[in-house]
Amino acid sequence: MSVNYGSKRIVVGAHYGLRDWLAQRVTGALITLFTLVVLSQVLFTSGEIGYDKWAGIFSGQCMKALTFSIFIALTYHVWVGVRDIWMDYVKPVGVRLVLQVFTLVWLVSCLGWAIQVLWRL
Amino acid sequence: MTELAKKRPEFRNINALVDLPTYRLPAAGFVSILHRISGLVMFLLLPLLVWMFDTSVSSEISFAKFKAAFNVGVGFVPGIVVQLVALVLIWAYLHHLIAGVRHIYMDARHAVSKEFGKSSAVVTLVLSLGLTAALGAKLFGLY
Chain A
6 MSVNYGSKRI VVGAHYGLRD WLAQRVTGAL ITLFTLVVLS QVLFTSGEIG
56 YDKWAGIFSG QCMKALTFSI FIALTYHVWV GVRDIWMDYV KPVGVRLVLQ
106 VFTLVWLVSC LGWAIQVLWR L
Chain B
4 MTELAKKRPE FRNINALVDL PTYRLPAAGF VSILHRISGL VMFLLLPLLV
54 WMFDTSVSSE ISFAKFKAAF NVGVGFVPGI VVQLVALVLI WAYLHHLIAG
104 VRHIYMDARH AVSKEFGKSS AVVTLVLSLG LTAALGAKLF GLY
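Heads up: the sequence lines are chains A and B, in that order.
Going by the numbering used here, the letters in the first sequence line up with residues 6 to 126, in that order.
Going by the numbering used here, the letters in the second sequence line up with residues 4 to 146, in that order.
I should point out that these hints are in silico values taken from the structure, not numbers from a laboratory.
Listed below are the simulated BS3-like cross-link pairs for lysine-lysine, each with C-alpha atoms no more than 30 Å apart in a straight line:
1) K58(A) / K68(B)
2) K70(B) / K58(A)
3) K58(A) / K141(B)
4) K69(A) / K141(B)
5) K141(B) / K70(B)
6) K70(B) / K69(A)
7) K69(A) / K68(B)
8) K69(A) / K58(A)
9) K68(B) / K141(B)
Sample of chain B residues with no beta-carbon within 12 Å of chain A, all distances over it, derived:
10) K9
11) R15
12) G32
13) F79
14) S116
Heads up, incomplete: computed chain B residues facing chain A, CB under 10 Å, no partners named:
15) F46
16) L47
17) V53
18) V60
19) S61
20) E63
21) H99
Yeah, the Cβ is synthetic: ideal placement off N, Cα and C, and Gly gets one too.
One chain only, chain A, in its complex shape (with noise of 0.2 Å):
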């Protein structure tokens, strides 16, 4: 994507632009978006909540859907999220890369779980 690879850019570094930053704010207002919607259809929704009323909230084809992409946009939030924190506090490059390929392994993992989950429904 990006050509200009400076000298001081480094393999478990990051924050080389403003794709992050946005991606963090974008994919952070979608999940807010998200709960209001799964919260209000839990509040405006007569009566105890049992299996099928919350079950159905999730099982339509659109909400399905519209739950997959906020699945990604929050495996990604958090991907950059716990980047950050790596790399503001673990300096060697060697660690920070374990750590870094640990984070990936247990988000994409969560990741395909839940999708199972979903998908099933």
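Following the hints, complete the assembly by docking chain B onto the known chain A.
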């Protein structure tokens, strides 16, 4: 060299364990570090969240198991531990969300001033803790 110049303080890297506890943070500083801590907590507890999603939506039987986890517990974990962890997750989500909205608002409106930084930080802390208390009371069956 004058006497004054010799006494100039020397700043080196701080020691996290010795120096950090003595720092007195402003409200915005608390919001900032708690934003980070709440995010990391949710990252580490992500498998638990997916498990909650899985058990609560998959079937009637798993939904019953999900509800029972908060009362009688699940596996070797007693219900009170599940409730407390859920309370931590509720706080982490609320704080992270409200602090995030504060970020977006400041970016969009260019609302960067010392006064707004402080007042919005106080609002963030009051809202997140207040809502956590309200939802926590529901979680522990007080109403």
